[in-house]
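Colleague: Using the sequences and the accompanying hints, generate a full structural model.
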Amino acid sequence: MAPSAWTSSGKWTAVMTAEKVLLSICSLLTNPNAEDPQERAVGDMYRNDPIRYEAKAKEWTEKYAKD
1 MAPSAWTSSG KWTAVMTAEK VLLSICSLLT NPNAEDPQER AVGDMYRNDP IRYEAKAKEW
61 TEKYAKD
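For the sequence shown, the UniProt record's numbering assigns the number 67 to the last residue and increments by one with no breaks.
No lab work stands behind these hints, which were simulated from the structure alone. A virtual CB, placed ideally from N, CA and C, is assigned to each residue, including glycine. Treat the hints with care, as some may be off.
What the hints assert, rightly or not - Taking lysine-lysine and the DSS-like style, the derived pairs with C-alpha atoms no more than 30 Å apart in a straight line are:
id: 1; residue 1: 20; residue 2: 66
id: 2; residue 1: 20; residue 2: 58
id: 3; residue 1: 66; residue 2: 56
As the list claims (entries may be wrong) - Here are the simulated distance ranges between beta carbons:
id: 4; residue 1: 47; residue 2: 11; range: 36 to 42 Å
id: 5; residue 1: 27; residue 2: 65; range: 15 to 21 Å
id: 6; residue 1: 19; residue 2: 49; range: 32 to 38 Å
id: 7; residue 1: 9; residue 2: 62; range: 49 to 55 Å
id: 8; residue 1: 51; residue 2: 30; range: 16 to 22 Å
id: 9; residue 1: 54; residue 2: 26; range: 14 to 20 Å
id: 10; residue 1: 55; residue 2: 10; range: 18 to 24 Å
id: 11; residue 1: 59; residue 2: 38; range: 16 to 22 Å
id: 12; residue 1: 10; residue 2: 58; range: 45 to 51 Å
id: 13; residue 1: 38; residue 2: 9; range: 31 to 37 Å
id: 14; residue 1: 9; residue 2: 64; range: 41 to 47 Å
id: 15; residue 1: 56; residue 2: 9; range: 47 to 53 Å
id: 16; residue 1: 9; residue 2: 51; range: 49 to 55 Å
Modeller: Written as structure tokens, this is what we have:
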């Protein structure tokens, strides 16, 4: 059973370490969940047209994530 983020006194505590949070982010970036996308159109493209999705991801990376 996963530990709760809430103590018995009702106060919130951090359950995940920074390492676990970063690993979770990396996992989402390398294996996106197309069933629950941030943007519906992007999730649909990822599921239905993976070649177009890869081309668009490459285009956006070149445009927005480079110098």
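Colleague: None of the hints should be skipped; say for each whether it holds.
Modeller: Results for each hint:
Restraint check for residue 20 and residue 66: satisfied, since their Cα atoms lie roughly 27 Å apart, inside the 30 Å limit. The suggested pairing of residue 20 with residue 58 holds, with an alpha-carbon distance near 28 Å, which does not exceed 30 Å. Under the criterion of a C-alpha separation no larger than 30 Å, the hint pairing residue 66 with residue 56 is consistent with the structure, at around 15 Å. Taken as a hint, the range 36 to 42 Å holds for the pair residue 47 and residue 11, whose Cβ atoms sit roughly 41 Å apart.
Judged by the Cβ atoms, the range 15 to 21 Å given for residue 27 and residue 65 holds: they are separated by roughly 19 Å. For residue 19 and residue 49, the Cβ-Cβ distance of about 35 Å falls inside the hinted range of 32 to 38 Å, so the restraint holds. Look at residue 9 against residue 62: about 51 Å separates their beta carbons, and that is inside 49 to 55 Å. Separation of residue 51 from residue 30 is about 18 Å and conforms to the stated range, judged on CB atoms against 16 to 22 Å.
Take residue 54 and residue 26: their Cβ atoms lie about 19 Å apart, and the range 14 to 20 Å holds. Between residue 55 and residue 10 the CB atoms are about 50 Å apart, so this pair departs from the stated range of 18 to 24 Å. Evaluation of the 16 to 22 Å hint for residue 59 and residue 38 yields a pass: the beta carbon distance comes to about 18 Å. As the Cβ distance of residue 10 to residue 58 is approximately 48 Å, the hint placing it in 45 to 51 Å holds.
A hinted range of 31 to 37 Å holds for the C-beta pair residue 38 and residue 9, which are about 35 Å apart. Restraint check, residue 9 to residue 64: a C-beta distance of roughly 45 Å satisfies the suggested window 41 to 47 Å. Here the CB-CB span from residue 56 to residue 9 is close to 49 Å, well matched to the stated 47 to 53 Å. The hint said 49 to 55 Å for the Cβ distance between residue 9 and residue 51, and at roughly 53 Å that hint holds.
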